[in-house]
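Enquirer: Chain by chain, the residues:
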Amino acid sequence: MAGAVATNETILVVGGGISGMTAALEAAECGKDVVLVEKNPSLGGRVSQLYKYFPKLCHPTCGMEINLRRIKANKRLRVFTLAEVAKVDGGPGDYTVSIRLSPRYVNENCTACGACAEVVSAEIDNPHNYGLSKMKAVYLPFNMAYPQRYVIDQSVIGTPDAEKAKAACKYDAIDLGMKEQTMTIKVGAIVWATGWKPYDAAKIQPYGYDRFDNVVTSVEFERMMDPFGPTGGKLLRPSDGKEAKNVAFIQCAGSRDRNHLRHCSRICCMASLKQSTYVSEQFGDQGQSTIYYIDIRAIDRIEDFYAKVRANPAVKFVKSKVANITEDRTSADVILHGVDTEGYHRYDNRHDLCVLAVGMEPSVDVRTAAATVHVDASGFVEADPVNGAIFGAGCASNALDVNRAVQSATAASLRAIQVINKVSGAEV
Amino acid sequence: MADIKIGAYVCKGCGLGERLNTAQLMTVAQREGKAQVVREHEFLCNGAGVAMIRQDIEKEGVNHVVIAACSRRAKTDAFGFEGVAISRVNLREGVIWVQPDTDEVKEITQEMAADYVRMGCAESARMNIPQINPGHGNNKRILVVGGGISGMTSAVEAAKAGYEVLLVEKTAALGGWLAKLHRRVPFHEPYADPIETGMPALLKRIESDKRITVYLNSVVSRTSGAPGQFSIDISKESGGTTTENVGAIIMASGFEPYDVKKLPELGGGKSPDVVDQAGLEQLARAANGAPIRRPSDGREIKSVVFVQCAGQRDETGKNLPYCSGHCCNTSIKQAMYFKDSNPDVDAVVVYTDLRTPGNGEDFYRSAQRKGVIFTKGKVSEVVPGAELQVKFKDLILNDDAVAKADLVVLATGMVANSGVDIDAAGGTPNVEGQDQAAAGDGKVVSILNLTYRQGKDLPMLRYGFNDSHFICFPYETRRTGIYSCGPVRRPMDIVQATEDATGAALKAIQAAENAALGRAAHPRSGDLSFPAFRREGCTQCKRCTVECPFGAIDEDEQRYPLFNESRCRRCGTCMGACPVRVISFENYSVDTVGYQVKAVDVPDQFSEKPRILVLACENDAYPALDMAAMNRIQYSAFARVVPVRCLGSVNTIWINDALTAGYDGVLLMGCQKGENYQCHFVKGSEMAHYRMSKIDDTLKGMSLEVERVRTCEVAITDIQRAPKIINEMAETIQKIGLSPMKF
Amino acid sequence: MAKKEYSFYPGCSSERKASASNYMVSVESMCKTLDVKLNEIPDWNCCGASIGYAEGGELPRHAMNARNIALSEKHNPGQNIVATCAACWLGTKETHERLSGSAQLLADTKEALKEAGLDMDYKGDVEIRHMVEVLIEDFGYEELAKPVVKPLEGIKIAGYVGCQTNRPFGVAGESFENPKYLDKLTEIMGAEPVEKYDQKVTCCGGALAFSEPDKSQAQIKKIIESAYDFGAEMIVTPCPVCQMNVEVYQDQINKKYGTKFHIPVMYYSQLMAVAYGGTAREAGLNGNIVRATRLEEIAARPAKK
Amino acid sequence: MSERNNAMVEKYRNDFLKEVEANVEEGPWVKMCMQCGVCSGSCPFGPYWEHPPQEIFMMIRAGKRDEVLKSESMWMCTSCYNCIVRCPRELPITHIMHGLANYAHRLGIAPKMNPTRRFAKLFWQNIMKGGRVNELKLSVGLYFMDGFANGVKKGLAMLPVGIGMFKTGRLNPLGLLGGGKCKGAGDIHKMVKKAQEIENRRKGFAS
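Chains as they are written, first to last, in this note's numbering: chain F, 416 to 843; chain E, 64 to 806; chain B, 28 to 332; chain V, 145 to 351.
Honestly, the hints are just simulated from the structure, not real lab data. The C-beta atom is built at its ideal place from N, Cα and C for all residues, glycine as well. Among the hints, erroneous ones may be present.
In the BS3-like style, the derived pairs of lysine-lysine whose C-alpha atoms are separated by at most 30 Å in a straight line are [to be verified]: (1) V:Lys-337 - B:Lys-64; (2) E:Lys-467 - F:Lys-581; (3) B:Lys-44 - V:Lys-256; (4) E:Lys-365 - E:Lys-433; (5) V:Lys-337 - B:Lys-242; (6) B:Lys-101 - V:Lys-298; (7) E:Lys-324 - F:Lys-467; (8) B:Lys-283 - V:Lys-256; (9) F:Lys-471 - E:Lys-122; (10) E:Lys-324 - E:Lys-233; (11) F:Lys-837 - E:Lys-433; (12) E:Lys-169 - E:Lys-672; (13) B:Lys-283 - V:Lys-155; (14) F:Lys-837 - E:Lys-169; (15) E:Lys-433 - V:Lys-347; (16) B:Lys-282 - V:Lys-347; (17) B:Lys-242 - V:Lys-347; (18) F:Lys-487 - E:Lys-122; (19) B:Lys-44 - V:Lys-297; (20) F:Lys-502 - E:Lys-787; (21) B:Lys-137 - V:Lys-256; (22) V:Lys-327 - B:Lys-141; (23) E:Lys-467 - V:Lys-325; (24) V:Lys-327 - B:Lys-150; (25) E:Lys-325 - V:Lys-155; (26) V:Lys-347 - B:Lys-31; (27) V:Lys-325 - B:Lys-249; (28) V:Lys-214 - B:Lys-44; (29) V:Lys-347 - B:Lys-283; (30) V:Lys-347 - B:Lys-137; (31) V:Lys-325 - B:Lys-141; (32) F:Lys-487 - E:Lys-798; (33) B:Lys-101 - V:Lys-311.
Rough simulated footprint, nothing fancy, chain E against chain F, three-plus residues with beta-carbon under 8 Å [claimed, not checked]: (34) 449-459; (35) 467-478; (36) 622-636; (37) 772-784.
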């Protein structure tokens, strides 16, 4: 593994979410050699944690299946998981990249039969569910995880559980002696597609995410809808497991806010509109959604979707940035306080659950690996000649929806190919 | 077919050895499946197992490999043998993980496994290793239609990658709308002021690039062929036509602003001092930094009101229903033109939702800092006069308000320049009047003039835009090797158009590269198989040409279907459509599936062992069943699941065959169809549903209950529901009894 | 620990026989234990408080505060200015920030200061700090816990932070909505903080308690009610306005709302003075209208160490 | 007082906004509001505001000069600073409210009987006497603001509070006679006078 063959005609794609997978595949399907590195044990990224996409309300894993099949079929594309770029040296057409490979403790012999997990008792927070549920410390990250191979969490190494897991494996797939390794490769161009992370909701103190059980983030809400998620696909509120039929959505939770993220995260309006359909999907007329917003940003033909949601009498829109949330001491209902600015109406609205439509921030600071790359005030990679052949793609470059992230990744892929073709002197 | 040598390999790992009688399976493979080499292995996917198979391929001449182990979705690295036909028999996810480990069901579990082995061998025997399409072309030049910022970007970016580009522009100059702007919205920090358009540099870049050939005053008057071998006629306005060959096409034909005359209530066409955003750019260019003067009397403008969403986001159906995305930032920029030349000008932007995503928020703040006033309100009327009156409802103050202004700017929307609506006859909803707007003279002009059987231009999605329906795959237009970009595909700003155009350039390059290798494009990229058709059997019914979702099939002079292999996406919808079954792929044919159906051992009527054929889309339903298995969700042991490329490829003969063979039920599982279709081949699932809607007559003709055949939409997330559907069918059969068609 | 010295701005309410005189008494006692020397700014004047704006306007208000800063620079050079009163701290700090942010305002202020005979450089190089900042940042909870000799065992206390010690500046590392330092101070003094107390930062009406008594008292009612609901026996606060408003109107609120409020409202420094072994008098307990009998009992006990 | 005050203010023109920018403390921030309403929702006295801050900002931008300046609204500000810390645009809302109140007061168009305006006036006079607050005089002054009879009534209502304060040594009974005074009171007077002069000059007020 540590001896991956790569040359200055290879493209390195950093990040195995939808953008990285796209950038890697598009380049590989143009006949280029590509190395794709992902820091998690599986490809998929944020979209694999989504229940549905707006505005089609289709399922992200549907496209992911196609992308995984493309990856499986393409010999020019090599994937490294649990891999992080530590350092990038050199310049366009001639980069030397050191990649840190964390131990999985499971080798390619693994058949994903699951025998190891069965015998282990230690549990850890399930990161796929944003810690809303526990899972075995020996695990397959999620149903569609690729590579389809188990992982042993660092925390059980050295414990009897690790030995039990090893003993349960008939295929010699568990190697408890694995160590962190560093792999150094040559590449010609780099697509930086490390994606986004949800803004830390606890920092938005007036909304009490750190104090009130029934204040959750939009990404957590998304997990609740997954039949294999923390609530088995039911919208149950955390405080008492009661059905959350009356749900508040707070827009710009962190975004458009000089105290938090100065940019607009673009996707959150649509995400909440989408999530309001979840409430209706689960509870029909019994479900009530209230969307508290400053401006609804349903850009371009997605406006259709906004119009459709607006036509649903079970969804209310309040033009207001919620001032603060308090918790009813006995019921643990959340009470949202504020002013509907359209004509000045003060409210103290009680809801079963409040969803914070949290903003996007870059998940990794590119400068930790490549110090000279230019980023904007929010840390997104901004196109600039000083970046050389390091090209931002997807949400590492801007707050983008999936569609735009994929376009961005495809564009970044071509930019990388341009560099590679120059190196190889390819003339068509 | 004489030289087919089947090797069947049964894995005993992952519990298969404990749960199944592998020796019996080997016997089945050998006796019934006609496998010449049969082996079992404790752990087939590991080094030794793989080496064993490889050795048989190399030494024994095995060229058709049947792997009876786990799902075709698992262990692809290990079993990725090249140059041989591979069939995967899904004993793990398909059998033991969906059946309980109990003695009572041991027998039917074994039967299930044995059937799958029979099916795998039957498939293998009828498969061929695909050969490269002999008719592929290898032209790699890129044609870009439209010389605005999108087209220019595509051209430059493709050229930068080393590709030759033909850039066709219908007017006398490149530049499009961007060239008409005074300044553009900033796209890098600081997001504070309007910036230079950069057009002169881009023009220079194109002029000096030897790889780019520009055709001005020209249109594409004919497009025929396929990726890698398109033939294009480029006609000059002054007359004269050049024929060129290209490998792929980018359609960047842009937009027209919505006609302000359609907004008389907002003063459109009623006063020279009511302009659209393009009109304001013209005024700003004329002023060139000096105070902007108004059209009517040349007076310096002291107050201006911007009306956002003018004729957009319209729910009445009169105007455009969508948002054009760029207009908020554009008005902000234009308000800055005024503020930057004279801070005392009153500039008011009346909006309902201000839409400045990303760092546009900084630009918004910058305008506020400069003193631009933003008012949330809905404008009802603009009264013309020496001093214009903008009547609106101030939504914050809940007031009926009037703002007076020297000039009013209507932020109207973008109307796609997408050519002929080829589906219009089919009743695709359309915005009234947009075609007229696009053509200017009331006549719709085709952009590409495709000679395709299915029409002259790209299919439109909604409101005249050529966008892809897919979220994950935004470039997937329904005409292979032709990619649209820029505002013709959906309303967008300059930054997005540039990104989009760059991405489209990659896709065009990729299409040409793959065509040159005889490979399929997305989503079956790399697939070498292509549809072959038996001319002598064809009845010229045209179903294949009509139903192909990608317009890949034309008709030749003798009205036989003419397959343009490089335009084909290998979904098999044509194969499913063909009533006389003359269309097949080398590795996926009426026979490869048909013989699997026939290979299943159907017990007699008194066995109480029904058989349910499940034809599952390999993209969504099949993975859902796989994941059900991973979660040990059980379903009826009487089901026999056959993955299909797309439900559209299902030929009704398979169902007929199954029913005649005594199957008790048939389930078709495909992707969502209709408006929000999730079918990766656009129309496949829809076609299958349509075809199956007529199956009832067949059933009645056979005196069978209609409940025996069910077509359903299954999403990849239906991990719990898909098994439930199978079980429901099993229950139905229990209720209505076994099929009387058994022998 | 070495003696710490600060330039001290006590503010009007801390004067002898003024509304927060008992605060001052307890601060003195607390500082004695902690070996803190407070050098009072000679001839300091009122900060203008939160109501000074209406008649005073902008520049006069800043001039008033600038005079104090200038006097401190002159008499206590190099020393950070410490205030015990929230409004004093806020007003001074605000002026300090505004002057350093605007050359114009600074020039104008200097011009006005000249009239007060303070023809000097306004350096603005010292920090304006609240006493709790000094405690938390210069000592730290661990250090503050050391001198405790009479832990306030078994007393449940609601930490009422109020507005101006908390916003807009606040204490570093604390949230505006849920500051925890009073709870931590309470805890290290051996008492039991009511951590879920949900009116920590509710406004008591501030200066408007005088001009808009009904509206303010409705606020105060919420503040006290929640303390009772969570089982608090007393309320602790860092602000003289909060202390007075929450303490002195209890009878009026009882009359108006039929409540039976009778809850002591203490300064953090009073808790600390008692815990550090001070007498009731040294802790200013006699200055409370609603007497904190539990604290008085503890103060009367012999020290543990 | 300024002469332009009563000039016709055009609606949705920037005249009043510009006036506010020039004359009101932190006035230039008014244009930065994006109408999210978090300030209005955060104000503890919010329910008593006829026009909450975000609406006032819109009214200023809409040129509603009289409605704004004559409003009692900004006199409801308790200086709790909730709005400031929550404002996503970092507007110093508290100060703007103070500034607007001060401006209206200076123009003489602030509501005459507004209790906070009157208290504020009293307060300033109180501190101007000796440079520091004389709490007793302040409260007595407050109660007698509306005439002797009213004052006695209010004073009686407050008597128990006062007695409590006396008893605990937190109100100086001799305060009426003096107390709470800076040595440099004279200097302070001169300084404040000068500051007022400068401010009037800067903001175009007649002195």
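Enquirer: All the hints need checking, so say for each whether the structure fits it.
Expert: So, going through the hints one by one against the coordinates:
| no. | hint | in the structure |
| --- | --- | --- |
| 1 | V:Lys-337 - B:Lys-64 | violated (35 Å) |
| 2 | E:Lys-467 - F:Lys-581 | violated (79 Å) |
| 3 | B:Lys-44 - V:Lys-256 | violated (33 Å) |
| 4 | E:Lys-365 - E:Lys-433 | holds (15 Å) |
| 5 | V:Lys-337 - B:Lys-242 | violated (34 Å) |
| 6 | B:Lys-101 - V:Lys-298 | violated (44 Å) |
| 7 | E:Lys-324 - F:Lys-467 | violated (41 Å) |
| 8 | B:Lys-283 - V:Lys-256 | holds (28 Å) |
| 9 | F:Lys-471 - E:Lys-122 | violated (52 Å) |
| 10 | E:Lys-324 - E:Lys-233 | holds (25 Å) |
| 11 | F:Lys-837 - E:Lys-433 | violated (45 Å) |
| 12 | E:Lys-169 - E:Lys-672 | holds (14 Å) |
| 13 | B:Lys-283 - V:Lys-155 | violated (45 Å) |
| 14 | F:Lys-837 - E:Lys-169 | violated (62 Å) |
| 15 | E:Lys-433 - V:Lys-347 | holds (21 Å) |
| 16 | B:Lys-282 - V:Lys-347 | violated (47 Å) |
| 17 | B:Lys-242 - V:Lys-347 | violated (34 Å) |
| 18 | F:Lys-487 - E:Lys-122 | holds (27 Å) |
| 19 | B:Lys-44 - V:Lys-297 | holds (25 Å) |
| 20 | F:Lys-502 - E:Lys-787 | violated (50 Å) |
| 21 | B:Lys-137 - V:Lys-256 | violated (34 Å) |
| 22 | V:Lys-327 - B:Lys-141 | holds (17 Å) |
| 23 | E:Lys-467 - V:Lys-325 | violated (56 Å) |
| 24 | V:Lys-327 - B:Lys-150 | holds (24 Å) |
| 25 | E:Lys-325 - V:Lys-155 | holds (29 Å) |
| 26 | V:Lys-347 - B:Lys-31 | violated (44 Å) |
| 27 | V:Lys-325 - B:Lys-249 | violated (36 Å) |
| 28 | V:Lys-214 - B:Lys-44 | violated (39 Å) |
| 29 | V:Lys-347 - B:Lys-283 | violated (45 Å) |
| 30 | V:Lys-347 - B:Lys-137 | holds (18 Å) |
| 31 | V:Lys-325 - B:Lys-141 | holds (21 Å) |
| 32 | F:Lys-487 - E:Lys-798 | violated (43 Å) |
| 33 | B:Lys-101 - V:Lys-311 | violated (38 Å) |
| 34 | 449-459 | violated (count 0) |
| 35 | 467-478 | holds (count 9) |
| 36 | 622-636 | violated (count 0) |
| 37 | 772-784 | violated (count 0) |
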